Amino acid sequence: MGFSFLIIVVNEVFMLDDLDRRILRHMQATPEKSIPDLADAIRVTTSRLTRRLEKLKESGVMRGQCAKVGWHNLGYAVEVSLRVTLDKTQSRAFDDFIAAAREIPEVLEIQTFLGQVDVRLSIIAKDMEHYQEIYRAKVLTMPHIADIEALMLVARIKSDESLPL
Amino acid sequence: MIDLDEIDRGILKALVEDATCNAGTLGRQFGLSQPATWRRVRRLQQVGVISGRRLELDKVKLGFGVTVFLGIKLATKGRISLDDFERAVMAIPEVQTVEHVLGMYDYRLRVTARDIPDFERVLRRRIMTLPGVGNVEANVLLSEERRPGPL
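From first to last, the protein sequence lines stand for chains A and B.
The numbering used here applies: residue 1 is where the first sequence begins, and numbers increase by one.
The numbering used here applies: residue 1001 is where the second sequence begins, and numbers increase by one.
If you are wondering where the hints come from, they were derived from the structure by calculation, not from laboratory data.
Please note: incorrect hints may appear among the correct ones.
[What the hints assert, rightly or not] Some chain A residues near chain B, calculated using beta-carbon distances under 8 Å:
no., residue
1, T50
2, S81
3, V117
4, R156
5, K158
[Said to hold, decoys possible] Here are the computed distance ranges between Cβ atoms for each label pair:
no., chain 1, residue 1, chain 2, residue 2, range
6, B, K1013, A, E32, 16 to 22 Å
7, B, S1051, A, Q116, 29 to 35 Å
8, A, L140, B, P1150, 35 to 41 Å
9, A, A29, B, E1144, 18 to 24 Å
10, B, R1087, A, A137, 40 to 46 Å
11, B, W1038, A, G64, 44 to 50 Å
12, B, M1090, A, D37, 22 to 28 Å
13, B, A1091, A, R43, 23 to 29 Å
This structure is a prediction, so every number in the text was calculated from the model and none was measured.
Each residue gets a CB set at the ideal place from its N, CA and C atoms; glycine is no exception.
Model the full structure from these sequences, guided by the hints.
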């Protein structure tokens, strides 16, 4: 490992009160709920809830909502997590590799790490044959790869990504 | 399997950016009426192409400064131990995702914590005490980027 360091940045933490916490907990569990239904569930008036939501958005705590794509139902049956170690003697290893990963349409996530793994890519494919094609033609041709390990997804046991508020 | 046309793909892309976008606004982008757009969105939901929504929160602003991915190898295997492990790991509030994988690890977990000492507490008290846990590898997340995927 060429270098490893940790930068601790002290950020201003937004203080949640009890109502904020109730709102966020409910919205994490059921984001599709309408504002009137949400107001009912946490027993506040719609106008009070709306004002709170505005505040949470303005402060940047709540960034928005995005739809999740059911790739399985679009025929993408295979999902592989590729754990990549880069050749860190190359000063542009991270930048070049990440730029190349962005060019592969089947890449859903790009994460960088401090640890044994440098970068992780989440890749989807229609079937194993398709995966093999992507792996050979697009993945192995990316720059500065020192080592790759693959983990194949069998099942998602939990995937809501909720914060323990 | 479902076939999507260009408009479906456009709608899907727009909703991945912002799921709260209403059918009227969305329809105008594609020259569709509000009811026609609404029907398309509903169909995408019914066939599971839209599988739900995710609330995007700023985890750092909420005080969760550290995200760690753990690769876990079970020490003992068998139907019972997988069930026991899964039940116990699902109950840990700091564990955000649990994936059963094939490869050098059996499970991949995403764990959130306030800071490194808080992560250490979760690791020692909650993770290392899970039934059947063997080898654990930790990688601290530095950055992450979600891509639109092959739409």
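Hint by hint, here is what the structure shows:
{"no.": "1", "hint": "T50", "in the structure": "violated, 13 Å"}
{"no.": "2", "hint": "S81", "in the structure": "holds, 7 Å"}
{"no.": "3", "hint": "V117", "in the structure": "holds, 5 Å"}
{"no.": "4", "hint": "R156", "in the structure": "holds, 6 Å"}
{"no.": "5", "hint": "K158", "in the structure": "holds, 4 Å"}
{"no.": "6", "hint": "B:K1013 <-> A:E32: 16 to 22 Å", "in the structure": "holds, 19 Å"}
{"no.": "7", "hint": "B:S1051 <-> A:Q116: 29 to 35 Å", "in the structure": "holds, 32 Å"}
{"no.": "8", "hint": "A:L140 <-> B:P1150: 35 to 41 Å", "in the structure": "violated, 19 Å"}
{"no.": "9", "hint": "A:A29 <-> B:E1144: 18 to 24 Å", "in the structure": "holds, 22 Å"}
{"no.": "10", "hint": "B:R1087 <-> A:A137: 40 to 46 Å", "in the structure": "holds, 41 Å"}
{"no.": "11", "hint": "B:W1038 <-> A:G64: 44 to 50 Å", "in the structure": "violated, 20 Å"}
{"no.": "12", "hint": "B:M1090 <-> A:D37: 22 to 28 Å", "in the structure": "holds, 26 Å"}
{"no.": "13", "hint": "B:A1091 <-> A:R43: 23 to 29 Å", "in the structure": "holds, 27 Å"}
Going through the hint list in order, the structure does not satisfy hints 1, 8, 11.
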